Amino acid sequence: MLIEARNIALDVPDMSRVVLLGRRPKLRILNGVSLVIARGEALGIVGESGSGKTSLGRTLLRLYRPSAGTLRFDGQDITQATAAEMKPLRRRMQMIFQDPQSSLNPRRSIGAILGGALTLHGLDAGPRAISSILDRVGLPSSVTTRYPHQLSGGQRQRVGIARAIALNPDFIVADEIVSGLDVSTQAQVLDLLKTLRAEMGLTLAFISHDLSVVRHLCERVVIMKAGSIIEEGATAEVFSSPRSPFTRLLIDSIPLPEIRPGWLESSRD
Amino acid sequence: MSAVIDIRDLSARSAAGPILRGVSLSVKAGEAMALVGESGAGKSTIAKAVLGILPPAIKITSGSILFEGTDLLSLPPSKLRELLGVRIALIPQDPQTSLNPSRRVGDQLMDGLRLRAGLDKAKAASKALGLLNDVHIREPERVMARYPHELSGGMRQRVLIAQAFSLNPHVIIADEPTTALDVTVQKQVLRLIREMQREHKTTLLFVTHDLGVVAQICDRMTVLYGGAVMEQGDTAEILAKPQHAYTRALLAASPRYDRPEQSLKPVPDELIAELQREISSRC
Numbered sequence: 001m002l003i004e005a006r007n008i009a010l011d012v013p014d015m016s017r018v019v020l021l022g023r024r025p026k027l028r029i030l031n032g033v034s035l036v037i038a039r040g041e042a043l044g045i046v047g048e049s050g051s052g053k054t055s056l057g058r059t060l061l062r063l064y065r066p067s068a069g070t071l072r073f074d075g076q077d078i079t080q081a082t083a084a085e086m087k088p089l090r091r092r093m094q095m096i097f098q099d100p101q102s103s104l105n106p107r108r109s110i111g112a113i114l115g116g117a118l119t120l121h122g123l124d125a126g127p128r129a130i131s132s133i134l135d136r137v138g139l140p141s142s143v144t145t146r147y148p149h150q151l152s153g154g155q156r157q158r159v160g161i162a163r164a165i166a167l168n169p170d171f172i173v174a175d176e177i178v179s180g181l182d183v184s185t186q187a188q189v190l191d192l193l194k195t196l197r198a199e200m201g202l203t204l205a206f207i208s209h210d211l212s213v214v215r216h217l218c219e220r221v222v223i224m225k226a227g228s229i230i231e232e233g234a235t236a237e238v239f240s241s242p243r244s245p246f247t248r249l250l251i252d253s254i255p256l257p258e259i260r261p262g263w264l265e266s267s268r269d
Numbered sequence: 001m002s003a004v005i006d007i008r009d010l011s012a013r014s015a016a017g018p019i020l021r022g023v024s025l026s027v028k029a030g031e032a033m034a035l036v037g038e039s040g041a042g043k044s045t046i047a048k049a050v051l052g053i054l055p056p057a058i059k060i061t062s063g064s065i066l067f068e069g070t071d072l073l074s075l076p077p078s079k080l081r082e083l084l085g086v087r088i089a090l091i092p093q094d095p096q097t098s099l100n101p102s103r104r105v106g107d108q109l110m111d112g113l114r115l116r117a118g119l120d121k122a123k124a125a126s127k128a129l130g131l132l133n134d135v136h137i138r139e140p141e142r143v144m145a146r147y148p149h150e151l152s153g154g155m156r157q158r159v160l161i162a163q164a165f166s167l168n169p170h171v172i173i174a175d176e177p178t179t180a181l182d183v184t185v186q187k188q189v190l191r192l193i194r195e196m197q198r199e200h201k202t203t204l205l206f207v208t209h210d211l212g213v214v215a216q217i218c219d220r221m222t223v224l225y226g227g228a229v230m231e232q233g234d235t236a237e238i239l240a241k242p243q244h245a246y247t248r249a250l251l252a253a254s255p256r257y258d259r260p261e262q263s264l265k266p267v268p269d270e271l272i273a274e275l276q277r278e279i280s281s282r283c
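Chains as they are written, first to last, in the working numbering: chain A, 1 to 269; chain B, 1 to 283.
Think of the hints as simulated: they come from the structure by calculation, not from any bench. All values derive from a computational prediction rather than experimental measurement. Just so you know, not all the hints are guaranteed correct.
As the list claims (entries may be wrong) - Below are the DSBU-like pairs computed for lysine-lysine, each with C-alpha atoms no more than 35 angstroms apart in a straight line: (1) A:194 to B:28; (2) A:225 to B:265; (3) A:194 to B:241; (4) B:48 to B:123; (5) B:59 to B:48; (6) A:26 to A:194; (7) B:48 to B:79; (8) B:48 to B:241; (9) B:28 to B:59.
What the hints assert, rightly or not - Computed footprint of chain A on chain B; a stretch qualifies when at least three of its residues, placed anywhere within it, have a C-beta under 8 angstroms from a C-beta of chain A: (10) 202–212; (11) 232–243; (12) 274–280.
For every residue, glycine included, the Cβ atom is placed at its ideal position computed from N, Cα and C.
Chain A on its own, in the form it takes in the complex:
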């Protein structure tokens, strides 16, 4: 198992409470989450807004320190690892963000953005290395001198993917990476991710609110609600025979592009 999370909990200070003296009360946003991701596998993490899926993704990357439980990466316990201990592992775990507009520095060229990741880990950041990375995500090397605002949304997301794969990672957390894109661009980006997965043997945690996209890309899926996993299994099975009524509701709520009389009126909510 590349990723092993056992009984992970995550507490954050409850900012909605007014505290005059003493410690601010904690709010538990992840509760007893256990999951494993095998090497080369793509796991979908699905839930509605506020379900904790993004917090879980960031915890798996040890961007957050779990408040309880244990987290292992490639057999190594990283639950309490320090920044210095994490540094060599950082190259092997990467993230693709939802919004490439705000996750790419607007003042740096695409070449500088990709080069920065490489130099940080002492790798070759020459023009040839940059072009070969761009080539893998289907971008011409001419974008090296461009700035993020000069690219289309789909191209920017490709840069986001390029930055994540530049270091040849083992594990990538992709957080809602196609939700802002047009359907045709979405299909292209998903295609690219599939190809890269096959070529590089990537392990993927694919966070999405869109069950259809997860169905397309991931072999296994976990469904989250209020900070806990309420269902998990092979994607095809979860879709054909969901055990939890909430999963059933999520699937039934997706509008399909065909006339379904009575769909709008039917409700389990």
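For this one, chain A is given, so just place chain B on it according to the hints.
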């Protein structure tokens, strides 16, 4: 039945080039028409043109927008103001930014009723309460006194739907009203819009990129690409037998959980090249 909205040969451009290329569409009373397309298709531009809120950088170069027989484009601003917001109303995309964060929900809901319909404060308040009831908000008295940030996204969108219907408009333009919502909430909001639209016999112009949403809520649809109409007609017919290659490509690119192998197919580059040729011949 005659058309409530009749757009004829509408073209618009910005400094960068054409935005709309001879768009014609008409919507009958009580009908729900979808404007479907990807970004840059011109669907929001059409909606903004009808609402008279085009950014100054976009100029209409030809065509007309008839609302119940009157051309909105040649109407003086004073007459236009009487129609917009009253006869033609908007359900915006983002409930977060469309409400004033520093004013109570009830006061914002009462603005239109007091300023446009001329109701006094007490009457406006009771009408507002009724509207919140209509959009199935529980404890409307409490919600009236809330600030927007104290409500969930779905609740805020319900408030905006109530606001849009508050002056009994003949036409409602819904600009991607469910894009920012979770699927379960999206379904509730779609159901609500459909229910309110049927009850008030409102004509609906529904802007969306989601063919699934179109299928569930719109009687007819107009498929747009690069500011030009690709295909237009009955939703059921188009979805069952799309005539235009672009409509077929859009359907193939849409995600479908029930047919994962036949969905999410990228639009072929050759088709995009062909579409570019087709639209450049239209302006």
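Right, here's what the structure says about each hint:
Proposed proximity of residue 194 (chain A) and residue 28 (chain B) is contradicted: the alpha carbons are some 45 angstroms apart, above 35 angstroms. As the CA atoms of residue 225 (chain A) and residue 265 (chain B) are separated by approximately 30 angstroms, the hinted pair is consistent with the 35 angstroms bound. Of the supplied pair hints, the one linking residue 194 (chain A) and residue 241 (chain B) holds, its CA atoms being roughly 30 angstroms apart against a limit of 35 angstroms. Taking the CA atoms of residue 48 (chain B) and residue 123 (chain B), the gap is near 31 angstroms; set against the 35 angstroms cutoff, the hint holds.
Under the criterion of a C-alpha separation no larger than 35 angstroms, the hint pairing residue 59 (chain B) with residue 48 (chain B) is consistent with the structure, at around 12 angstroms. At roughly 39 angstroms between alpha-carbon atoms, residue 26 (chain A) and residue 194 (chain A) are farther apart than 35 angstroms, so this suggested pair is violated. Using a Cα cut-off of 35 angstroms, the hinted pair residue 48 (chain B) and residue 79 (chain B) holds, with the two alpha carbons roughly 17 angstroms apart. Only pairs whose Cα atoms come within 35 angstroms are accepted, and residue 48 (chain B) paired with residue 241 (chain B) is accepted, the gap being roughly 30 angstroms.
The straight-line distance between the Cα atoms of residue 28 (chain B) and residue 59 (chain B) is roughly 27 angstroms, inside the 35 angstroms bound, and the hint therefore holds. Figure legend: the region 202–212 of chain B, annotated as covered by chain A; annotation consistent (4 residues with Cβ-Cβ distances under 8 angstroms, at least 3 required). Counting residues of the region 232–243 of chain B whose beta carbon lies closer than 8 angstroms to any beta carbon of chain A gives 4, which meets the minimum of three for the stated coverage. Using a Cβ-Cβ cut-off of 8 angstroms, 0 residues of the region 274–280 of chain B lie near chain A, which falls short of the minimum of three, so the contact claim is violated.
This entry does not satisfy hints 1, 6, 12, going by the numbered hints stated previously.
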